[in-house]
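For chain A, the structure is supplied; the task is to place chain B on it using the hints.
Residue numbers (our numbering), protein chains in the order written: chain A, 5 to 272; chain B, 5 to 272.
Don't read these hints as lab results, they were simulated from the structure. Yeah, the Cβ is synthetic: ideal placement off N, Cα and C, and Gly gets one too. Among the clues, some could well be false.
What the simulated footprint calls covered on chain B by chain A, stretch by stretch (three residues with Cβ under 8 Å from a Cβ of chain A suffice, anywhere in the stretch; the number is not a length) [unchecked claim]:
id	segment
1	6-18
2	30-40
3	44-54
4	57-67
Taking lysine to aspartate or glutamate pairs in the EDC-like style, the calculated list, with each CA pair at most 20 Å apart, reads [said to hold, decoys possible]:
id	chain 1	residue 1	chain 2	residue 2
5	B	K127	B	D223
6	B	K209	B	E234
7	B	K28	B	E254
8	A	K28	B	E67
9	B	K28	A	D11
10	A	K127	A	D197
11	A	K28	B	D11
12	B	K28	A	E67
13	A	K127	A	E261
14	A	K28	A	E261
15	A	K28	A	E234
16	B	K127	B	E254
Number of protein chains: 2
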Amino acid sequence: MTSIHIDGATRLYGIVGHPIAQVKSPEVFSERFAAAAINAVMLPVHVLPDRFDATMAALMGIENLDGLLVTVPYKPQAARYANRLGPTASRIGATNALRREQDGTWSGDMFDGAGFVRAFQQKGCELRGRRVALFGAGGAGSAIACELAAVGVASIAILEPQRERAAALAATLRQSFPGCRTDVVDTVPPGTDMIANASTVGMRKDDGMPANIGVLASDTLVGDVIVSREPTALIRHAMRQGCRYIVGREMVAGQAEAIMAFFGEARR
Amino acid sequence: MTSIHIDGATRLYGIVGHPIAQVKSPEVFSERFAAAAINAVMLPVHVLPDRFDATMAALMGIENLDGLLVTVPYKPQAARYANRLGPTASRIGATNALRREQDGTWSGDMFDGAGFVRAFQQKGCELRGRRVALFGAGGAGSAIACELAAVGVASIAILEPQRERAAALAATLRQSFPGCRTDVVDTVPPGTDMIANASTVGMRKDDGMPANIGVLASDTLVGDVIVSREPTALIRHAMRQGCRYIVGREMVAGQAEAIMAFFGEARR
Numbered sequence: 005m006t007s008i009h010i011d012g013a014t015r016l017y018g019i020v021g022h023p024i025a026q027v028k029s030p031e032v033f034s035e036r037f038a039a040a041a042i043n044a045v046m047l048p049v050h051v052l053p054d055r056f057d058a059t060m061a062a063l064m065g066i067e068n069l070d071g072l073l074v075t076v077p078y079k080p081q082a083a084r085y086a087n088r089l090g091p092t093a094s095r096i097g098a099t100n101a102l103r104r105e106q107d108g109t110w111s112g113d114m115f116d117g118a119g120f121v122r123a124f125q126q127k128g129c130e131l132r133g134r135r136v137a138l139f140g141a142g143g144a145g146s147a148i149a150c151e152l153a154a155v156g157v158a159s160i161a162i163l164e165p166q167r168e169r170a171a172a173l174a175a176t177l178r179q180s181f182p183g184c185r186t187d188v189v190d191t192v193p194p195g196t197d198m199i200a201n202a203s204t205v206g207m208r209k210d211d212g213m214p215a216n217i218g219v220l221a222s223d224t225l226v227g228d229v230i231v232s233r234e235p236t237a238l239i240r241h242a243m244r245q246g247c248r249y250i251v252g253r254e255m256v257a258g259q260a261e262a263i264m265a266f267f268g269e270a271r272r
Numbered sequence: 005m006t007s008i009h010i011d012g013a014t015r016l017y018g019i020v021g022h023p024i025a026q027v028k029s030p031e032v033f034s035e036r037f038a039a040a041a042i043n044a045v046m047l048p049v050h051v052l053p054d055r056f057d058a059t060m061a062a063l064m065g066i067e068n069l070d071g072l073l074v075t076v077p078y079k080p081q082a083a084r085y086a087n088r089l090g091p092t093a094s095r096i097g098a099t100n101a102l103r104r105e106q107d108g109t110w111s112g113d114m115f116d117g118a119g120f121v122r123a124f125q126q127k128g129c130e131l132r133g134r135r136v137a138l139f140g141a142g143g144a145g146s147a148i149a150c151e152l153a154a155v156g157v158a159s160i161a162i163l164e165p166q167r168e169r170a171a172a173l174a175a176t177l178r179q180s181f182p183g184c185r186t187d188v189v190d191t192v193p194p195g196t197d198m199i200a201n202a203s204t205v206g207m208r209k210d211d212g213m214p215a216n217i218g219v220l221a222s223d224t225l226v227g228d229v230i231v232s233r234e235p236t237a238l239i240r241h242a243m244r245q246g247c248r249y250i251v252g253r254e255m256v257a258g259q260a261e262a263i264m265a266f267f268g269e270a271r272r
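Bound-form chain A, shown alone (with noise of 0.2 Å):
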């Protein structure tokens, strides 16, 4: 572990969130921006919703605060800070990363996709032409699949219970990505060869899968956005079966090191 050092100089970014206490950013961001030997900190910034306005024009108005990172509950007001928004932010309308260009404007996008993408492209695993069930169509399952149907899915299978959120998902995809087919269903179709959660299962310790997927082909991909210390059900099974499969660590490294370079393209 690089160690950290702060002084006048010192470059501020920030993750502004409710609760705060228990999020991870600010120790992999910091230490991160340690091991590159750019002097900067990532801290965590407790804001109350009334007080969320106020403060992020305040922060962003610090001459030294270059760039902001929102968490839940922020992360749909949080795009009307940007002067332009990235591709995944605009389609899906929700932000997490937040950054100064160099002309003093703001550019927003929306990472919560991308670092699940990058794990699986780390491993050598080809995405394109995958035929993908997805668990969830929130926030994080709304970026996931953005982000694999730009990078060439053949197709996407949204299993969600809230009818109106799929549908939502559904017409954003076809609307962005007509080449992907995309369809709301009930049970896992067959054919598919990808399996993402961005669902809340496996949260707790006692979830069980996010639904019955059966018996998997070895060349299935499995990934699973939750951050857990032990495997979810879900890996668990790919294990069994000889899939690859990326856990939620592997997709938060991800998302760091997509959210560094973005940082880094305003400091260029």
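Below, chain B without anything else, positioned relative to chain A:
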């Protein structure tokens, strides 16, 4: 040096100023927090004058921010953010530290003089009864004069080219400390046994003494606010005469201790 750690539960302190890159407090306090096993950091916060009010209000509304230092040019404005002021801040109308109390209100005080007094006390020097010659009646000089009077010096002779400043400080001292004789003078009075330099003389390497102060008795105390790598002309003079003295760095360390104690009182 203890290593600094930042996570989601880290408590924030900031030093607000313009400019900011030169301030030492982020290093000094972040390391003191780490050494005391307090999960907190001190951040540089660079705020332009037209944003000062909105930024102070927003910073004080962040749930995990527990205190603020205020430096040039904001010490006079900072008092209005405190629900109550300590004695030196009330007397001289400037504040350089604010802390959040457990009931959510804010207390402020001015510590520019406390470090000066504390540094002498730590060397075992008796200040009570001293006849002081004070160079400079600006913010630092005023704070030092109030702290010296509060610990019972016999007299303070103020040497300050701006006569209005000198008169204002003399009036404040006479009102708050009628037992301390206060004069505005042009030369160091006979019988002086303590010299305090709170003027800017000594900041530049080729600066000489703040005035011709002649031969000093070896029991004279000499203190200089100037923070410099090499001893100032005044301190070299004190050394040659065998006087006890404190340099700017010792005053800064004394002030950091006093402010750490001030912050700590809110956590008890």
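Evaluation of the provided hints:
no., hint, result
1, 6-18, "holds (count 9)"
2, 30-40, "holds (count 3)"
3, 44-54, "holds (count 8)"
4, 57-67, "holds (count 8)"
5, K127/B / D223/B, "holds (13 Å)"
6, K209/B / E234/B, "holds (8 Å)"
7, K28/B / E254/B, "holds (13 Å)"
8, K28/A / E67/B, "holds (18 Å)"
9, K28/B / D11/A, "holds (7 Å)"
10, K127/A / D197/A, "holds (16 Å)"
11, K28/A / D11/B, "holds (7 Å)"
12, K28/B / E67/A, "holds (18 Å)"
13, K127/A / E261/A, "holds (15 Å)"
14, K28/A / E261/A, "holds (14 Å)"
15, K28/A / E234/A, "holds (18 Å)"
16, K127/B / E254/B, "holds (10 Å)"
In summary, this structure violates none of the numbered hints.
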